[in-house]
Structures are given as C-alpha cells and as structure tokens.
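Student: For reference, the chains in residue letters:
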Amino acid sequence: MWDYSDKVKEHFFNPKNAGAVVDANATGEVGSISCGDALRLTLKVDDATEVILEAGFQTFGCGSAIASSSVLTEIIKGMTLDEALKVTNQDIADQLEGLPPEKMHCSVMGREALQAAIANYRGEEWKDDHEEGALICKCFAIDAVMIEEMVWANKLRTVQDVTNFTKAGGGCAACHEDIEAILEKVLAEKGEKFDPNAAPVETPVKIAAVKAPLTNLQRIKKIEQVLESLRPSLMADGGDVELVEVIGNTAYVNMTGACNGCQMAAMTIAGIQQRLMEVMGEFIKVVPATEMAKLVNIEAVS
Amino acid sequence: MTDIYLDNNATTKVDRAVVDAMIPYFLEQYGNPSSIHKFADGVARGIKQARQQVQNLIGCEHDSEIIFTSCGTESNSTAILSAIKAQPNKKEIITTTVEHPAILSLCEYLEKEGYTIHRLPVDKAGRLNLESYKKLLSDEVAIVSVMWANNETGTIFPVAEMAEMANAAGVMFHTDAVQAVGKIPMMLQDTKIDMLSLSGHKLHAPKGIGVLYLRRGTRYRPLLRGGHQERGRRAGTENSASIVGLGKACELALEFIEYENTKVKAMRDRLERGITEQIPHCFVTGDLYNRLPNTTDIAFEYIEGESILMLLNKAGIAASSGSACTSGSLEPSHVMRAMDIPYTAAHGTIRFSFSRYNTMSEVDEVLKVMPGIVATLRKLSPYWDSINNAPVTNPEQAFQPTYA
Ligand SMILES: Cc1ncc(COP(=O)(O)O)c(C=O)c1O
Ligand code: FES
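The listed protein sequences correspond, in order, to chains A and B. Every number in the numbering used here is 1 more than the matching position in the first sequence, counting from 1. Every number in the numbering used here is 7 more than the matching position in the second sequence, counting from 1.
Just chain B, same shape as in the assembly (with noise of 0.2 angstroms):
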C-alpha cells in the first residue's frame, strides 16, 4: 500500500504539467525578464502569462491587480502594513479570533505599537456575527482583514457581504484567502474586497509563491521597496520559474474546480460519515453547512491529537492536528478555543484535508485503521473505562489532577 495524503491544507504535491512548465525557466529562460538578450526575451511573457492565468481563477477585472510576492504570509503582511501606512490617522484594525498566525501575530506586534485590534469572535460552529462587526466599523478603522475560510476547519465566512458592508463605510477590506483560492469559484470583479492573498503551495504550485490581489484605485504602499519590479509594488527580481508554474497551477485549479466541489468532496463526505458513523464520542467542528469541499476536521474525545498522528502516520496516513502537542505549546489550538470545543475533545482533533489526488480506495483504508486508532489510545486514557468501553461517568470530575 503506497502512503495516503490527507495533508493538502498544509501543503500539496507539486503538479506534473506545473513542473515541466516551470523547467525551461531554470535551464533556458533563465535570465533576469529586465534583461535584453534571448537568455530573457521569453520570461516576461511568460511571467505575463501566468498573470492572466491568475486573474482567470480569481476573476478580477485587470491582471495588473496581481502582485506576484513570496508566500501568502508575505501577501498577508503587505496588505496590513500597506493599510497602515497609507492611512497613518487611523488606528484601528478589525480581524477575527480564527485566523491563521500570519495575520493574528502581525495584529499583536501593531497592537503593542499603539494600534487597537478587533478580534471578532466566533459561535459554536465558527460562525461570524455580522451585527457586532456592522457595529465596529468606523473612520477609525484603517482595514478589515477577514479569511475567506479557515485552515483548520475549513469554515467559509461571508467575505463578500463583508466587503460590501466595510466599503459602504469607507473602510479597506482584505482577504486571506489562502485556503478557498482553487477550492471553490471566485468572481472578484463582482465583490467589493480590495485586497487578497493567495500561495501557492496550497493549489499544487511549488511553496515560496504568492500573490497579492490589488484592486485597482486602492491605495497602496509596498512592502519592499527597490527595483522597478510588479511595477514598483514589490521590489526584487522575479521569482520566474515559480511564477509560471502557479500560473499553470491556477490554470489547472480552474480546470478541476467543479471536480473539486463535487468528487473531491464525495471523499470527504464519505470519510466523514464513516468516522462518525463508526467511531462512538467524536464530532465534526466548523460550520457543517459552510465548508471547504475538501477538508473535515473531527474532535476524537478522551485522547490526544498527536498520538492519534503517530499511529497514523504508522499506518501510512498524513493528517494533522490542532492539538497543544504538535506545535510544541500548550494551549490547544486557538481555532477550536475559539469555538469553546472542551478540552477533552481540543487537543484531540484530527484535520483530514483532500485533493484532487486522493482517491475512494484511500478513504477506505483510513476507514479500516481509523476505530482501531481510537479505540487503542483510550484504553490508555484516565478517561475512558476500558470494561465498559465508555467514558468515565462525568470524565471532567472523575479525573481532576493536580494542578490546572
């Protein structure tokens, strides 16, 4: 059996065809695109093409609007910093509790720089309030940034209404949309959002490429300044041959996508209804009806993430975890404290995220070794009773070690 990837909300495979287009830009177009000699008179048509290529998946009106930059984190930081730069008289950013670190860690250097940041919360099921966000927008706020759907649990909010509402109050808007770009249809053209991050690495293209969509008007300052390169909003020379191959990712991405919301989800709905149905004392987080075709983030309670990752990892399966564990700190992961999932069930989440890659014969041998996994750790668990295969009566109560 060859190993199972269920990881592709950390990162994906590169694409063949990605590959070979990107091929003929190390070893032949290999020039600078600012050069004038043959060794770069493809590479600026090239860099042009995956452009163009951009601008189809995420629909926005001029493919000037596409600046081509490191990585997403790299997008998501421009954005901001561009936002508070161009508008030096407002001090307020507003954000959400869930989102990815490259946003939530920026928010907390500005806050300590003087800047009020507004982390909105999330219900039960990860779910925006929309009226206490209406309340917060003012002439105070220098730019909203809100993901368009989450890493972990793959809940889509509204970012299009949302942009609506902050332009109608003067405000910026940006997006993260690291994890829906390629996943689900994008139009940006008929949306209000000014601003969006996109990597790479999500959609089969190599890691280390990203773009920042720039509406058009908006006002903008870049991140790095120097050469004339992306028309002075990102200064340094091109990272060619990785910017060609996310264009034909994207171009590929546009291809699949009906295939993505409809066989890629098939999978996971089928992984998901298995587990569920199979596995007593686990539940799916996130927004059920609101989600990312292609990822399912379970809660086994009673045991632990990264010892459910070990095993699986045993059996030839790559998942992640949101638990405390994996990443090294101790406080499970701030998505699911965020949703208010009990401790019992946080750090024992399990995020199965699919491509166009997998196949239903994987989904069925995660299936087989999936129960077992579980069943396994709870027997060493102090909140399970093993003679009764249940929880203990009351885990919380029954089991209150030392120190909290």
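Next up, chain A with everything else stripped away, as it sits in the complex (with noise of 0.2 angstroms):
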C-alpha cells in the first residue's frame, strides 16, 4: 500500500472536525465521484472580522484525502478568509510532512474546496480551474491533461521538449512511452507526424515553479549538500565529482578520478540529477563541465 507519512496516518485515524458545522454560513463541495472523492467543507465565519471560527468536513475518499480534509481544517481555523484564500496545496502536503505523487490531487482538491467555500460566503461563483487527468509521470506528478496542455500551446515535439515544459519525463524515464503517446496523439490532431528525433523547440521559458522559486544562491547552496552526501558512494568507487557551475536549472560538473570518461560516467550523472530532483523538488539539469562552452552563450541571452 502507499508509504504514508505518521501525519497522515494521524490526521485519517484521528479526524480532526469530521463533520458538518451546524450554523454554516459557507459551504465549498468540490470533487468528483467518478473519480473517487469528494469533499464539502463547511465554516461559520465571523460576520464582522471574516475570521474562520468553526470549519468542518465531509469526504468520500481515500487515507490521503480524509487526512487532507482534517488537516486543512486544522490550518485555516482562526484565520480570516483573506489569509485562508493564500493557503496553497503545498501548505496542506506540508503539514502532512508529504503526499505520494499519486495523492498529491487530494491536497488540490483541499484547497479548491476552501475557495469554493470563500466565494459561497461572498456570494460569488467559484469556477474550477482545473482538470484532471490520469497521472503520467510520477517522479513530479504530472498528469496528462497538463502534459497535453503544454503540447498544443508551446507546439512540443519531442519528449525532451515535454521534460523542458513540465518536468515530466526528466526523472527515472519510465514514463517516456506515454509521453511519446500523447505526442503521437496530439501532433497527429495537428496533422503533423511524432519524430523521436526531430530538433528541441526553442529557448525553453521558465517552468511555473509551484513553490517561490530558489534564489540563485540557495539553489547553488543546496546542490553542494546534496552532492556532498553522494561524494563518499562515489569516492568509494574511486571517483569524484566537483561542482563548476550553475547556470539557472543547468549545473555544470567535472566528473574525475575513476568517474571520468568511465563508461559509467553518464549513468552517474543521470543518478545526480535524479537525486538532486528529489531533493530540490525542481528540474535540475546536470550536464559535464566540457558542455559548458557550447551552451553559455545561449543560456546568457535567456
């Protein structure tokens, strides 16, 4: 079964707020049966102050998303609903100490149910933005609407195109044989043909970074640590790995000792990227310090 965290298992076993608040005067219901779960989220709001006095929940659905329920109501009592409305559904997978990829839509739906909750309060009509789609890459959580998505709007080809976009793909690869299947599918609705091979599409823009993006100087901070545990596994193989520089996402490495040139070299370096992913939560791209010249200048006009 899932690998849970303590605080899920806390917050499923022991509910906080199961229930509806008796004298709501908010009501956000969010969800889908057909998928599996549902939520309505109840609060009694303070007239005058917009505090949230009493938030309440009802869930059909799995561990993640009962616990999600309970947690959020946890976090938004006491707040008013300005503050409740900046909430993100990184802050509700946060307080559960983390989500598996596959659950993460249980937070979503957390967050959507509060502000459909604060626009019935105001009077407003909450419209979901959102749509759902089955989940393709597990290593960051992207499903397949949003890979579509990005397809047709930024006119991807390749599957390195997609990693570049959404970070799907750009982990342990499995996911690579459905990526290419939603290429084929959208480029033959556009008429065009999938070529594995065909070139990158230009100058990737930025990736929509969920959380505030790191500074330049944390990311550089960061990807030290983490190469710095990965050091002794490598030195015990008799090599090494320094790093050269960052360049936005990209982190330039001199691999030496046995590491150098080895035939293991890529693989390692595949294995740095990946770990340093995990740990960062963002793309990351680890490249060797002799690629450094060719792409610079291209980096530089970004």
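Just so you know, the hints here were simulated from the structure itself, not pulled from any lab data. All of these numbers come straight from a predicted model, not from anything done at the bench. There's no promise every hint is true.
To be verified - Which bits of chain A does chain B cover? Going by a derived footprint, with three or more residues having C-beta under 8 angstroms, they are:
| hint | region |
| --- | --- |
| 1 | 14–28 |
| 2 | 35–43 |
| 3 | 57–63 |
As the list claims (entries may be wrong) - Pairwise CB distance ranges, derived in the manner of DEER restraints:
| hint | chain 1 | residue 1 | chain 2 | residue 2 | range |
| --- | --- | --- | --- | --- | --- |
| 4 | A | G134 | B | E68 | 35 to 45 angstroms |
| 5 | A | A21 | B | T269 | 45 to 55 angstroms |
| 6 | A | K139 | B | R238 | 33 to 43 angstroms |
| 7 | B | E118 | A | Q91 | 30 to 40 angstroms |
| 8 | A | K186 | B | T269 | 51 to 61 angstroms |
| 9 | A | Q91 | B | P31 | 49 to 59 angstroms |
Ideal placement from N, C-alpha and C gives every residue a C-beta, glycine not left out.
Take the two lone chains and join them into the complex the hints point to.
Tutor: Written as structure tokens, this is what we have:
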C-alpha cells in the first residue's frame, strides 16, 4: 500500500473537525464521485472580522483525502478569509509531511474546497480551472491533461521538450513511452507526425514553479549539499565530482578520478541529476563542464 | 490476535511442504539440468515429476503440453503473441472487458498496431452473452482469450462451452486460468481449450513461476527463443527449484480441492452472509451462483475502499479493493465499471479471498470489526446523514460537487 507519513495516518485515524458545522454560513463542495473523492467543507465565518471560527469536513475518499481534509480544517481555523485564500495545496501537503505523487490531487481538492467555500460566503461564483487527467509522470506528479496542454500551447515535439516545459520525464524516465503516446496523439490532431529525433523547440521558457523559486545562491548551496552527500559513494568507486558552475537550472560538473570518462560517467550523472531533483523538488539538469562552452551563450541571452 | 490474511487472490503464502521440496534444488541439486554430472542428474527428474503433478491437476493428456514460464503474465503474452504470429493473416482478437491487465494492456497495445479487438461486455452480474460471442467468431479471428475466473469477483465464465464454439468456427481458444487453477476441478483433455495460463503464486507456490498449457498440435511460435529448454518453446535455463515447488503445490491443490469447495466455501459464505445481514447498504458483486468458492467482493455504498482497507489493516486484517485510490488511477476498477456498478458503490468494493489456511474464528473476527469500520467512515461521508444514520435522500442529487 501507500507509504503514508505518520502525519497522514494520524489525521486519517483521528480526523479533526469531521462532520458539518451546524450553523455554517459558507459551504464548498468539490471533487468528483467518478474519480472517487469528493469533499464538502463547511465554515462558520464571523461576519464582522471575516475570521473563520469553525470548519468542518465531510469527505468521500481515500486515506489521504480524509487526512488532507482534516489538516485543512486545522490550518484555516482562526484565519481571516484573506489569509485562508493564500493557503496552497503545497501547504496542506507540507503539513502532512508529504503525500505520494499519486495523491497530490487530494491536497489540491482541499484548497479548491476552501476557495469554493469562500466564494460561496462572498456570494461569488467559483469556477474551477482545474482539470485532471491520468497521472503520467510519477517522479513529478504530472498528469496527461497538463502535458497535452503544454504540447498544444508550446508546439512541443519531443520528450525532451515535454521535460523542459513540464518536468515530466526528467527523473527515472519510465514514463517516456506514455509521453511519446501523448505527443503522437496531439501531433496527429495537428496533422503532424511524431518524430522522436526532431530538434527540440527553442529556448524553453522558465518552468512555472509551484513553490517560490529558489534564488541562485540558495540553489547553489543546496546542490553543494547534495553533492557532498553523494561524495562518499562516488569515492568508494575511486571517483569524485566537483561543481563548476550553475546557470539557471543547469549544473555543470567535473567528473574526476575513476568516474571521468569511464563508461559509468553518463549513468552517474543521470543518478546525480535524479537525486538533485528529488531533494530540491525542481527540475535540475546536470551536464559535464566540458559542455559548458557550447551552451553558455544561449543561456546568457535568455 | 495474529493477523488475518484474506487477500489470497492477490497472492498466497508458500506452503511449508513446497518450501521443503524446493530447498535441495538450491543447496544440492543446483546444477544446470542440461549438464551431465551429479549436481544435475536429479534436476531433470525433479522437473519431470513437477510436469506430471501439474498435468494431474489440470487434467491434460500429455505432460509435454506443460511449458514452464516465469509467471501468469508471461504465459498470457506468449499465448496471444504466438497465435497472431502463427496466423499473420488474421487481424482480430476476441476477449472480454473484465480480463486482468495482463491481457487488456497487451490487447490495447496490439490495437495500436492495427489489430481489431472485440471486448465482450458483461451484464450487471458480470455474465457474458454467448449469442453475441458467437456472432463475432469468424475466419478473421486469430484467438479468443477469456479468463476462466475473474480475479475481483470470482465470477466463473463458461470457458469449456466457449472453447467448443471457437473450435467449431476454427478459432484458437486461450484461457487465463490464473485464478481458477487449484480452486475448481478441471479436466482439460475433455475440453477444446488450446492454451491455458496458470501462475504458481496463486496456489501456494512461489512467485515468478507459471505455466502455459499448450494442447498438442496447436500452432505455436515461442516468445523467447534461445536454448532448447522446454523443447525449444520457452528458452532460458529452467527455474528448477520453483518448478519443483509448483509441482508440489499442484499435488497439494489436488488433494485439497474438495476442502476448497466445502470448508473454504463455508467460511466465505459465512463472512458474506454475516456482513450483508449486519451492515445496511452493501451488496455482493458478480455472479453469485457461479463463483470461485474462495472469493467474495462486497460493495459498501457511500464510502471509499482504501479508507476501509486502512482501518482493516489497523485491525490486523488484510483484504483488497477495486477502488481507484488503491491503484493510483482515477477510475474505479474496470471490472466494476463493466458491471455498471454506480460510482458511489464501485469505489467502496472490498474483496475478501480465502485459502485453506484460514479459519472460522478468523471469519468471526472480521465480522466483529467490519460494522464499526463502515459506520466510522460513513460518519465522515457527505452522502451519509449521521443524524438519521441513513444515506441522505437522493444521494447523487443531494451532493453534487463542482467538477465532474
Ligand atoms: C486473472 C489473472 N491473470 C494474470 C495474473 C498475473 O499473474 P502473474 O502475477 O503470475 O504474472 C493475475 C494475478 O494477479 C490474475 O489474477
Ligand atoms: S515517472 Fe516520469 S520521470 Fe519518473
């Protein structure tokens, strides 16, 4: 079964604020019974101060849907509506000490219920801008709808393009077959043919980060930390790695010792890249420093 | 209280006697069966015996009709790919909407390659319509692949009859019998079934060993070519210990087949009756009168399966669910959708599957905790009226969240 954090289990086994608030003056209902989770959030809001006095949830859903609902009610109690609107799904997931990628949508549902409830209180109509498809990339929790939209909007042609724009496919690479299938389908709709060897589209725009993006300094520090933690195992194989430069999301490294030029170098680099992405939660490209001269000009322009 | 395992359709505990039979093939008779020395001379004999033990369980005419593979999935893939390679002019395949992914994913893939896949629908009780099946049989069909018993509901399909019909139309017939072998008696030599898949880990043998039964004379193309193992029909050094283990497991399954259909069935029936009598708004899915003796699949309305499993797990009880959330997909199980079970129930299905290791007192234990678990989750459900302890009136209308 899922590897749920202790926090998820705690909120699932002992949910807080279960049930409807009796004299609620705000209700948000979201989810889809066909997808197997649906949530009704009821709030009691103080009319003078707009402070959320009470929050209650009723959820049809799995362990993480119930835990997300429970933790959401805890987070927002005592907040003003404006404060509550700033709560993101990442906040919900963080409070739960993380959710498996397949379950991130449970936290999204929580945030949407909150927005719907506040809109209901204010007499506005809440429109959901969120459409969800089958989960394609488990490393980065990217679904089919998101990839399709990106392929359409940015005229993407290759798996590498999709990775550059959405992160999907940039980790373990197991989802590449599914990404190719999406490319084939969308390109066919546009009357084009998928060519796995097509040249990548031009300068990828910055990936819209969910979290506040790291500053370059923070990024470099973090990369250093991760490399440091990997160093012992590299040295056990008689090699080492050195960070040369970080430009945008690309880290240029020197592989030394036994790793330099050995047939494992490419694999080692891929391994380092995946580890970096896991730790930093953003797309990082690791490139041998020898490649830097070719790329540095392009990057400098963008 | 020790933990209660009611997930035997997912996989089973390896029987102690099976482990004991295997150990010499790791530690003493570990030679390659093709070699000529004393580390190997007992291996060929062990494999031959295993072949006969499998033969006895499934009742086929010759032991050379048994091909050992690495799992049920490999047997399924081998069967279908063999049929289409051996008959390159035939571009249609008949199967059902409720097969295991081991068949459905392959068919989806072949569909992209240009094959026409006919997926027979089922009715609300999970049954096929043989009239519409008959209409599909033609010279264009390379193979029919229909499961003997469904892994989720335990519903048994009339494969012997369907094989007769295919045979009369000159069409090859394969059955995925992974869930049926060892649970219901079979005598393949009296049928027109051309190919059959089985998997060791569903009948108390280890994981990673399977069999493809191939009727003598059936046109065949191997999936793995290489050495001469399995008479060139499945190359690769034999997994001798597991083959011997599977043989022993088949021998035991034959011994216990009556027990399975009396005692194991009695446990299943008692659990099923107890749950449906005590808990309102739940129902058994599938064909109640034509089912594996060990399986019951119960839909608990207005609550979600994974939540039920987590609470069961906390109580030390292992079962499984056809809900979307357990698999990480968005849709509930394709089997529940095929039977047109409403979403409010399809997401709340729990499968309890027994084996000869279970006991009646375990059944009582489950009956003790199940009502509480369902009540706890219903209290959280937007479809449930906690005050009246009943579903809200018109549940599907009363709660209609924003996006669908
Ligand atoms: C009906 C059916 N077919 C095939 C399989 C796959 O068998 P294996 O795990 O040996 O590949 C299973 C097991 O889940 C099954 O239930
Ligand atoms: S699943 Fe997409 S990169 Fe791992």
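Student: Against the range 35 to 45 angstroms, how does the distance between the Cβ atoms of A:G134 and B:E68 compare: consistent or not?
Tutor: violated, 50 angstroms
Student: If you count the residues of the region 35–43 of chain A with a beta-carbon closer than 8 angstroms to a beta-carbon of chain B, do you get 3 or more?
Tutor: holds (count 7)
Student: Note whether the CB distance of A:K139 and B:R238 lies within 33 to 43 angstroms or breaks it.
Tutor: holds, 41 angstroms
Student: Between A:A21 and B:T269, is the Cβ distance one that fits in 45 to 55 angstroms?
Tutor: holds, 49 angstroms
Student: Residue count check for the region 57–63 of chain A against chain B: does it reach three with CB-CB under 8 angstroms?
Tutor: holds (count 6)
Student: Can you let me know if the beta-carbon spacing of A:Q91 and B:P31 is within 49 to 59 angstroms?
Tutor: holds, 56 angstroms
Student: Mind checking the hinted window 30 to 40 angstroms against the Cβ distance between B:E118 and A:Q91?
Tutor: holds, 39 angstroms
Student: Does the Cβ pair A:K186, B:T269 satisfy 51 to 61 angstroms?
Tutor: holds, 52 angstroms
Student: So is the region 14–28 of chain A in contact with chain B by the C-beta rule, three or more residues under 8 angstroms, or is the coverage claim wrong?
Tutor: Contact hint for the region 14–28 of chain A vs chain B: holds, 4 residues under 8 angstroms.
Hint violations for this structure: number 4 only, all remaining hints satisfied.
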